[in-house]
Amino acid sequence: MSTETNTIEQLANKEYKWGFVTEIEAETAPRGLNEDIIRFISAKKNEPEWLLEWRLKAYRHWLTMEEPRWPNVKYDKIDYQDIIYYAAPKQKDRPKSLAEVDPELLRTYEKLGISLQEQERLAGVAVDAVFDSVSVATTFKEKLKELGIIFCSFSEAVQEHPDLVRQYLGSVVPSNDNFFAALNSAVFSDGSFCYIPRGVRCPMELSTYFRINAADTGQFERTLIIAEENSYVSYLEGCTAPMRDTNQLHAAVVELVAVGDNAQIKYSTVQNWYPGDKNGKGGIYNFVTKRGKCIGKNSKISWTQVETGSAITWKYPSVILQGDSSVGEFYSVAVVNNHQQADTGTKMIHLGKNTRSTIVSKGISAGFGQNSYRGLVEIKRGATNARNFSQCDSLLLGDKCGAHTFPYIEVKNRTSRVEHEASTSKIGEDQIFYCKQRGLSTEDAVNMIVNGFCKEVFRELPMEFAVEAQKLLGISLEGSVG
Amino acid sequence: MDQGGSRKIFDACVRKEVGMSHQQKTNVWYQSSFELFEKSLNGEATTPLHAIRRGALERFHALGFPTTKNEEWRFTNVAPIAKAAFTPTFGLPGHIPSAKEIERFSFGTPHRLVFVNGHFAKDLSTVGKLSAGVALTNLATAFKQHRDLVDAHFSKYAPFDENPFVALNTAFAQDGAFIYVPEGCQVDDAISLVFVAVGSEPFYIPPRNLIVLEERAQLQIVESFVTTTNASYFTNVVSEISLGRDAVLEHDKLQHESLQAFHIAAIHVRQKERSNFTSNSIALGGSLVRNNVTTVLGAEWCEATLNGLSVGTGTQLIDNHTTIDHAKPNCASHELYKAILDGKSRGVFNGKIFVRTDAQKTDAKQTNMTLLLSDDATIDTKPQLEIFADDVKCTHGATVGQLDENQVFYLRSRGIDEKLAADILTFAFASDVVNRVHVPALREQLEFLVHAKLNEGRKS
Chain F
2 MSTETNTIEQ LANKEYKWGF VTEIEAETAP RGLNEDIIRF ISAKKNEPEW
52 LLEWRLKAYR HWLTMEEPRW PNVKYDKIDY QDIIYYAAPK QKDRPKSLAE
102 VDPELLRTYE KLGISLQEQE RLAGVAVDAV FDSVSVATTF KEKLKELGII
152 FCSFSEAVQE HPDLVRQYLG SVVPSNDNFF AALNSAVFSD GSFCYIPRGV
202 RCPMELSTYF RINAADTGQF ERTLIIAEEN SYVSYLEGCT APMRDTNQLH
252 AAVVELVAVG DNAQIKYSTV QNWYPGDKNG KGGIYNFVTK RGKCIGKNSK
302 ISWTQVETGS AITWKYPSVI LQGDSSVGEF YSVAVVNNHQ QADTGTKMIH
352 LGKNTRSTIV SKGISAGFGQ NSYRGLVEIK RGATNARNFS QCDSLLLGDK
402 CGAHTFPYIE VKNRTSRVEH EASTSKIGED QIFYCKQRGL STEDAVNMIV
452 NGFCKEVFRE LPMEFAVEAQ KLLGISLEGS VG
Chain P
1113 MDQGGSRKIF DACVRKEVGM SHQQKTNVWY QSSFELFEKS LNGEATTPLH
1163 AIRRGALERF HALGFPTTKN EEWRFTNVAP IAKAAFTPTF GLPGHIPSAK
1213 EIERFSFGTP HRLVFVNGHF AKDLSTVGKL SAGVALTNLA TAFKQHRDLV
1263 DAHFSKYAPF DENPFVALNT AFAQDGAFIY VPEGCQVDDA ISLVFVAVGS
1313 EPFYIPPRNL IVLEERAQLQ IVESFVTTTN ASYFTNVVSE ISLGRDAVLE
1363 HDKLQHESLQ AFHIAAIHVR QKERSNFTSN SIALGGSLVR NNVTTVLGAE
1413 WCEATLNGLS VGTGTQLIDN HTTIDHAKPN CASHELYKAI LDGKSRGVFN
1463 GKIFVRTDAQ KTDAKQTNMT LLLSDDATID TKPQLEIFAD DVKCTHGATV
1513 GQLDENQVFY LRSRGIDEKL AADILTFAFA SDVVNRVHVP ALREQLEFLV
1563 HAKLNEGRKS
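Heads up: the sequence lines are chains F and P, in that order. In my numbering, each residue's number is its place in the first sequence (first place is 1) plus 1. In my numbering, each residue's number is its place in the second sequence (first place is 1) plus 1112.
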């Protein structure tokens, strides 16, 4: 078994290959946070008065809040005055087309495997690329516009569709929701905005790629997706960051609103922020608030996430099932290796009748990683015939890691049915033996078993992402099989 | 300060006439009660044992009653306990129930210790023939006669630094059961411990039990909490249990307090190699009930089985918290907790399983099932696994639902009316736990009581 352990450990020790830094001139705000910084950001973005007020209100509320300590993660206190809250690649004017975007930036994205130029030519995925705090390019905008779909950066939406932004901003995650959401509301710099009008099925995957580049900055983006009656959209999110010794804060807010009847939003994330080195030095603190609200009847919100990066992940993509017969789904694979920590899960709040939710969470822990699933299924009194099924499985690779589950189930309606199942196990020696007997190496056997373990979740990802996620999983676990 | 003066302050505080915080007024009240208690001890207040009590009271003063902000008490608001001034008692009440009234709680065993309002009632108790070396007596006697054993085990397994109720129990610990079974000794008949609450006053009843089984000892215990009154008293019981190597203990508990009463209980178990602990906890009474069962599997090859059933009606709140700490390899634990909730009752379940770094080859299984019979009943359940070892098998499952329509249909198609069909299925759901009790007379009594309780829920 010891040789197998070695291979497994080697497997888990592959390097982070997105850790390069792009040399690009950036315009940054001074270090620290105060009302002037917020005014500075707001002015930079040429924002209307109401939005500045909204930010300041959030900031003032944030000052009264305390950083939450309940997550099952350990980290040193964050000095919020030592963060740069705004960093943008220097550009003269907003680029009208890709041709005007700084070639250095485009090269960065190419290096990351997302060629914006290629995207422009090949159909498939429309990308909004966010570099540090600012959206640098959005592809396929024109084509989507013909269908009435609005897909642009958040700052653009503020300028061009202020009514929509004003109506829905903070409607799912209020600015005073929690410590990090309040911080984000005060200082958010950019993000993606997406509006799908009535009866439109978005013909391509919409995607945002987030990249942190500058040192000592925090990234605070905000995504807002609105789906009207009978519409459908599938949205992807990917992220990477350079390797740095210090921890960087990423506190994003994502709001999904399925407004009309039968509206459907599918949101997929492959999170691959820099996880820190083998000794746990550096890495991103990923403190994110993601929430969706199913307002319309039969509406559906589905979260799929593959979390392999970040030193610390702290997020609970949730769904408020308000409309009758609405559906919420959460599929998650969370991998922790080395000294990574993850406290992630979901909340399903059932308000409407016949609402249904499914939770499938797969946690993989290796090295010294600590993985926690924390979930809430709440059936309110009016949620007649509500149904929930939850499954959370943990796989442990190695004897120094940990897997934890904290599911909360609160039921106030007797016609509802809630089921929760959890299991924790390691890869069986017999399973590996069986594979080896058939000529597979230990490494391949482990890869295969781990992929099989995650299959229920990968199945939910759009195809290109599923392939990417599988590869990523192999890399994150390199050297950890035991 | 005497108790009367203290009560005046307490009441004035509750009415908000005096600018004292809840915490302060609670502290004044229990401090004055403690001083009375010390006086009743007749000079024993200088023993090391009493130093533990004092430490516990101090800790209680520091902790105060928990609020719902405390994760452990998130769903259980103990404000009704904190708001009332419960009177401790320092001796048997003048009027105690007759032996006849107690008879049905003997469960066919010759060994019965009866405690009235927490005090040992010698006249009601019977002790049959026991093997040499077995000690079965009350704790107050054991403080004198079994000093070494008490010193070695008392307050060693139920830590009071975090749990204010354990602290409050320890501070006022004066009586309860003391059971010692020496090496290799098997006690054939179950031992029945009956705790009766009487009187119409809001008494504070803090029984404290200490149960020690040496190597290869075997024992069955039945703890029953019953009452002749419908007063609003406060039982705060702590049982400490130590199991030696290969020891086997079945601990059955029937909680059938007054529907106005508060019942807070903690069972703390420490297990040695290959020991086997089973807890069957049946909760029927009480307006606010909290059961903590904690076992530390502190050596290899231990086994722990925790079963529980709560039946809630009216506005009852029944909270079960269990903790199984797998500290060493090769241990197994099985857990089945069920709740049937009717009326406006609320159920809470939190089942923690810890698997420490060392504890490879752990096999832990937990199941929690709730049946909601009414629209106003609520359940908050939180199974919790914390695993730090890799070669383990841990599962938990939780379900909340109603009776299976197909099963009801099956019975109806055989000529059983809907109401009876529902009764049969509900009772079957409960029987799953009741049947795990190995003391036949207790099982019969439980079947009767559970049935009566379910019918009572139906009527209301």
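It cannot be assumed that every hint is accurate.
Cross-link-like lysine to aspartate or glutamate pairs, in silico, EDC-like; alpha carbons within 16 Å at most [as the list claims (entries may be wrong)]:
id	chain 1	residue 1	chain 2	residue 2
1	F	K354	P	D1487
2	F	K413	P	D1544
3	P	K1473	F	D431
4	F	K298	F	D262
Stretch-level coverage of chain P by chain F, calculated; a stretch enters the list once three of its residues show a Cβ under 8 Å from a Cβ in chain F [unchecked claim]:
id	region
5	1492 to 1500
6	1509 to 1515
The hints are simulated quantities; they were obtained by calculation from the structure and are not laboratory data. Glycine included, C-beta positions come from ideal geometry on N, C-alpha and C.
Evaluation of the provided hints:
no. : hint              : verdict
1   : F:K354 to P:D1487 : 14 Å, holds
2   : F:K413 to P:D1544 : 24 Å, violated
3   : P:K1473 to F:D431 : 15 Å, holds
4   : F:K298 to F:D262  : 4 Å, holds
5   : 1492 to 1500      : holds (count 9)
6   : 1509 to 1515      : holds (count 6)
Of the numbered hints given earlier, the model fails hint 2 alone.
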